[in-house]
Amino acid sequence: MGVSPKIWVYRLLFVVLGLLAIAYPLLPLQFTPERWPAPELLFALTMAWVVRQPQSAPFLLIAGLAIISDAVLMRPMGLWALLLLMASETVRFSYKSIQERGWAMELSLVAMLLLAMVIVQNLLLWVSFSQSLEVATLLQFAMLTLLCYPVMVAFLHYILRVRKPDTSNRPDRLGKIK
Amino acid sequence: MAGEQSGSAWRAIRRLIVGLILFTFFALFILWRIDSPRVERFRMALVDRFVPNMEWALAPVTQFTRIVSDYQSYAQIYQRNQELRQELQRMKGWQEAALQLEQTNAQLRALNNVQLSPSLGFVTGEVITDSGSPFSQSGLLNVGSLDGVEDGQAAVDGLGLVGRISGVADHTARLVFLSDVSSQVPVIIRPTGQRAIVHGDNTLAPNLLFLESPEDVLPGMRVVTSGDGGVFPPELLIGQIVRARSGEIRVLLAADFEGLEFVRILRASPLDQITGSGALVGDDILDEVPLVAPAPFAGELITPPPLRSGE
Numbered sequence: 001m002g003v004s005p006k007i008w009v010y011r012l013l014f015v016v017l018g019l020l021a022i023a024y025p026l027l028p029l030q031f032t033p034e035r036w037p038a039p040e041l042l043f044a045l046t047m048a049w050v051v052r053q054p055q056s057a058p059f060l061l062i063a064g065l066a067i068i069s070d071a072v073l074m075r076p077m078g079l080w081a082l083l084l085l086m087a088s089e090t091v092r093f094s095y096k097s098i099q100e101r102g103w104a105m106e107l108s109l110v111a112m113l114l115l116a117m118v119i120v121q122n123l124l125l126w127v128s129f130s131q132s133l134e135v136a137t138l139l140q141f142a143m144l145t146l147l148c149y150p151v152m153v154a155f156l157h158y159i160l161r162v163r164k165p166d167t168s169n170r171p172d173r174l175g176k177i178k
Numbered sequence: 179m180a181g182e183q184s185g186s187a188w189r190a191i192r193r194l195i196v197g198l199i200l201f202t203f204f205a206l207f208i209l210w211r212i213d214s215p216r217v218e219r220f221r222m223a224l225v226d227r228f229v230p231n232m233e234w235a236l237a238p239v240t241q242f243t244r245i246v247s248d249y250q251s252y253a254q255i256y257q258r259n260q261e262l263r264q265e266l267q268r269m270k271g272w273q274e275a276a277l278q279l280e281q282t283n284a285q286l287r288a289l290n291n292v293q294l295s296p297s298l299g300f301v302t303g304e305v306i307t308d309s310g311s312p313f314s315q316s317g318l319l320n321v322g323s324l325d326g327v328e329d330g331q332a333a334v335d336g337l338g339l340v341g342r343i344s345g346v347a348d349h350t351a352r353l354v355f356l357s358d359v360s361s362q363v364p365v366i367i368r369p370t371g372q373r374a375i376v377h378g379d380n381t382l383a384p385n386l387l388f389l390e391s392p393e394d395v396l397p398g399m400r401v402v403t404s405g406d407g408g409v410f411p412p413e414l415l416i417g418q419i420v421r422a423r424s425g426e427i428r429v430l431l432a433a434d435f436e437g438l439e440f441v442r443i444l445r446a447s448p449l450d451q452i453t454g455s456g457a458l459v460g461d462d463i464l465d466e467v468p469l470v471a472p473a474p475f476a477g478e479l480i481t482p483p484p485l486r487s488g489e
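Residue numbers (the numbering used here), protein chains in the order written: chain A, 1 to 178; chain B, 179 to 489.
To be clear, the hints were calculated from the coordinates, so they are not data collected in a lab. Remember, it's a predicted structure, so these values are computed and weren't measured experimentally. Please note: incorrect hints may appear among the correct ones.
To give an idea of the chain B side of the interface with chain A (calculated C-beta under 10 Å), a few residues [said to hold, decoys possible]:
| id | residue |
| --- | --- |
| 1 | Leu200 |
| 2 | Ala205 |
| 3 | Leu209 |
| 4 | Val217 |
| 5 | Val225 |
| 6 | Leu318 |
| 7 | Leu396 |
| 8 | Gln418 |
| 9 | Leu458 |
By construction, the Cβ of each residue, glycine as well, lies at the ideal position given by its N, Cα and C atoms.
With the rest of the complex left out, here is chain A (with noise of 0.2 Å):
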């Protein structure tokens, strides 16, 4: 992983879509309580990007876009940074292995992690007797996410082109051919 100039755009990128990712919710549309909970397109941005090219988006990024994801969307400060940057580490540390086994598993670890971040969250609240979340809503939430993670990754792999190196039909560094 040489460092080119490209991986600066590439960085740069990231740091734009993060931020309209947080400022999407912050649309002054509608007033009214709504129905559906926003689904967390910073979550959903991070995953797949992590998963592609994890070295153009580097952990102090994701930290700083996820604090102030928490400041401005008036969540509790801190908390779902800290569970983002604990899931996109845990992605990052295996993210050749979720490359080699293809798009359910990577769906169905991005879901576990997902589900288990919320879970955390909501007993963090509640143990610090801070106002915890209803389940329904929880459970909205966590679905309408799933729901963006497709559409996030081909919209990474299509129009940004943020793919995974093709690695079925050239050597590795090590001379191997797969």
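Use these hints to put chain B onto chain A, whose structure you have.
Chain B in isolation, oriented as in the chain A frame:
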């Protein structure tokens, strides 16, 4: 890339930094729980830095969506027109009634020499963002402490109370709506004069708590702020009593949350509160007046205080 040695050193440093950040976030969460005001101030500083910058990016999308929804409303324009006409008819009746009442009122006031409470000053702000999270029902205003906005001030739209200011930065302020779960407003129900608390529950028709005799409350009664607690000025319209299908009594908010764009933030400080209970009358006189026999001319003016027992 550098050699194996520096690669593993970098990995160790990286792990350390990640650990530090995770710890910071966790500590921030704990701090948020313990000392919320300080963290909320930090949050408002972050918001003040970022959101106005994002506004230029948000504006086109917002405008576009509004145009589309406006266009959709053209489809029902005929129906809308009919409704408006009927409403106008009714309003004309009310206008007449109001004029007459105003005249009577002016006459009565002239007769009475009534001392009115000082009129409210206000600053108008635009709601620039939605809260966008299931945690809270709130919006961000484009006015802040530089415009004289302070925590706890009431915000109204043309018709009724929208919410209260909670969190102020230099150029932005957060407005917590009445529908938020943390919103609790002491109210009076007109015309019975019963007191209760309107408690938000993520709907446009919040609950009424601590209602003394629910059977006296009928749908259609008006609900206004009572001014108890000194946060809101009294007599701001909140809404009307409605009865839910389950029989619950709720308050349908008068403010138009669907088309919320501009709000007025009332800058009046609430009326002076009477602090403390009444003290014993005459007790202080006892302390001030010397117990030695007063000079004869003063003794005629002041009736001698009753002596304490044992003296």
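Status of each hint after checking the structure:
1. Leu200: This hint holds: Leu200(B) lies near chain A, its Cβ roughly 6 Å from the closest one there, short of 10 Å.
2. Ala205: holds (8 Å)
3. Leu209: holds (8 Å)
4. Val217: holds (5 Å)
5. Val225: This hint holds: Val225(B) lies near chain A, its Cβ roughly 6 Å from the closest one there, short of 10 Å.
6. Leu318: holds (8 Å)
7. Leu396: Violated, about 26 Å.
8. Gln418: violated (17 Å)
9. Leu458: Violated: closest Cβ of chain A sits about 43 Å from Leu458(B), beyond 10 Å.
In the structure shown, a violation is registered for the earlier hints numbered 7, 8, 9, in ascending order.
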